[in-house]
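Chemist: Based on the sequences and whatever the hints tell you, model everything.
Mapped onto my numbering, the consecutive letters of the sequence shown carry residue numbers 1493 to 1964.
Just so you know, the hints here were simulated from the structure itself, not pulled from any lab data.
In this text the structure is predicted, and so the values were computed from the model without any measurement.
Note that beta-carbon positions come from the ideal geometry of N, C-alpha and C, so glycine has one too.
Please note: incorrect hints may appear among the correct ones.
What the hints assert, rightly or not - DEER-style ranges, computed between Cβ atoms: (1) N1651 - K1857: 50 to 58 Å; (2) A1836 - I1538: 53 to 61 Å; (3) S1925 - H1770: 30 to 38 Å; (4) L1685 - S1517: 23 to 31 Å; (5) E1735 - L1703: 33 to 41 Å; (6) I1819 - I1501: 41 to 49 Å; (7) R1546 - D1695: 17 to 25 Å; (8) G1548 - I1783: 47 to 55 Å; (9) S1517 - N1943: 52 to 60 Å; (10) K1958 - E1715: 34 to 42 Å; (11) Q1763 - E1710: 28 to 36 Å; (12) L1703 - Q1796: 34 to 42 Å; (13) K1589 - Q1614: 24 to 32 Å.
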Amino acid sequence: MSSLLESEILSVCELLAKPNLTIPSYQRPYKWTHRHINQLFQDIEINKDKSAYRLGTIVFHEEIKPDAEYLLNIVDGQQRTLTLVLIIRAILDFRLKDIERKVLKDKLENLEKILSNFIANQKFENDISKFNLHQNYQEIKRLVSRSEFTEQHVDFVLNKCQIVTFTLRSISEAFQFFDSQNSRGRDLEPHDLLKAYHLREFDDSEADLKLASVAYWEELESEEISRLFAKYLFRIRQWSRGESARYFSKSEVDLFKGVNLNRVGHYPYVQSSQIVHHFVDDYNKQYQRKIDGQHMIFPFHLDQIIINGRRFFEMVKHYHNQIDQIIIDDFGKKNKIGSDPFSASAVKILNLLNSYDARHRTGDKYIRSIFDCLLIYYIDKFGHEDLSRAIEKIFIWAFSLRIKQQVVQLATMDNYVLANNFFQSLKESTKPSDFINIPLNTISESENKNNKPNLANQDPLVILFKEMKYYE
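Modeler: What follows is the structure in structure tokens.
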């Protein structure tokens, strides 16, 4: 029989008023930072006119000790709970005197003693927790002290922000419940967090487009979407910014959050996006399209500002199709992308990459990832212009690492890109020749760490490097 006592939907005020809330000693450190705090306050600002706004879930373990002491241990939701405590504490310290509504002021005053007792009863021995709690409180007090944070915001946080709570009597079942929520809840996958975020970002006027926009995403396997983001979109976007791109996790999802064109201010930097956004929609709605059958897609670019909501889902569809065409096509048979045939050197490169025996080794897959990402980025920027020469340049740059390095790991790949960043060079290029004319060094025999001296001439990569005059 389950030990689930109750599930509730509580306002922040009701949550923090619960008696004997406790952070148990087995909990991990408090790791929320300024980024999480500011994101929460941005969400509050965006949703402040709603009648209710869900902040997530908390799992409690109800513990009754032999001396009859009652504790409500937080099994899941510590980060969220402590942050809410800090927010209400800061409001009490810096805004209580400004509150005009008596009912709201009374609620805050009733919480004051409860929060003081809660804070006094917690033992934060971990230095990470102590540091983050202090830094976050400093940031929160700055935010709640601003004139833009009004009494409406205070009321919204206290009474309209809600938490779904589950309370269980058995500690083992509490952990099992927590694990089952996390294991079956796909919302913990980075791409599904993005899906939920961008669904919320749809404008009310586009409600009828929501189902159609998400349909393509829903047809894909979760692993396929994960691969698209982790292996391509994340790496290209990070490397082009000069930043590490080893793992795409929940902490990196903000990379794919941008601006809501219907809510963002009239800032100069978004004007071009707004113009294109509305022009594309207007073009596709014109009656002439019923005659000529034309349809304009939004001109996406891999390093552009993300447009929240509908355009995000269109972007995912666009790049899933584009990348599949580039990566999955059998280059050895088609020998072209689009309509232009490849040069003889480009054909040899593409044939080799799809056929040489060592291509399935982990290190070689990492090198191939560099090659694929930079090729995708080039086509995204310059199309098929001088594509053969770009393929030659990208191949030499990427696979020089394979020849020079005996062992290639994820960190090796990442460090190599950042040390000699062709992604940034491509980003800064205004025409194909700016990129293609970047000089590359010839590899000497003494630099070859991937082959034993007597086997170098048998390595198909070395053979092709020699043909292309990049090995001596």
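Chemist: For every hint, state whether the structure bears it out.
Modeler: Hints, verified against the model:
no.	hint	result
1	N1651 - K1857: 50 to 58 Å	53 Å, holds
2	A1836 - I1538: 53 to 61 Å	55 Å, holds
3	S1925 - H1770: 30 to 38 Å	34 Å, holds
4	L1685 - S1517: 23 to 31 Å	29 Å, holds
5	E1735 - L1703: 33 to 41 Å	35 Å, holds
6	I1819 - I1501: 41 to 49 Å	45 Å, holds
7	R1546 - D1695: 17 to 25 Å	20 Å, holds
8	G1548 - I1783: 47 to 55 Å	50 Å, holds
9	S1517 - N1943: 52 to 60 Å	55 Å, holds
10	K1958 - E1715: 34 to 42 Å	39 Å, holds
11	Q1763 - E1710: 28 to 36 Å	33 Å, holds
12	L1703 - Q1796: 34 to 42 Å	26 Å, violated
13	K1589 - Q1614: 24 to 32 Å	27 Å, holds
Checked against the numbered hints above, the structure breaks only hint 12 and satisfies the rest.
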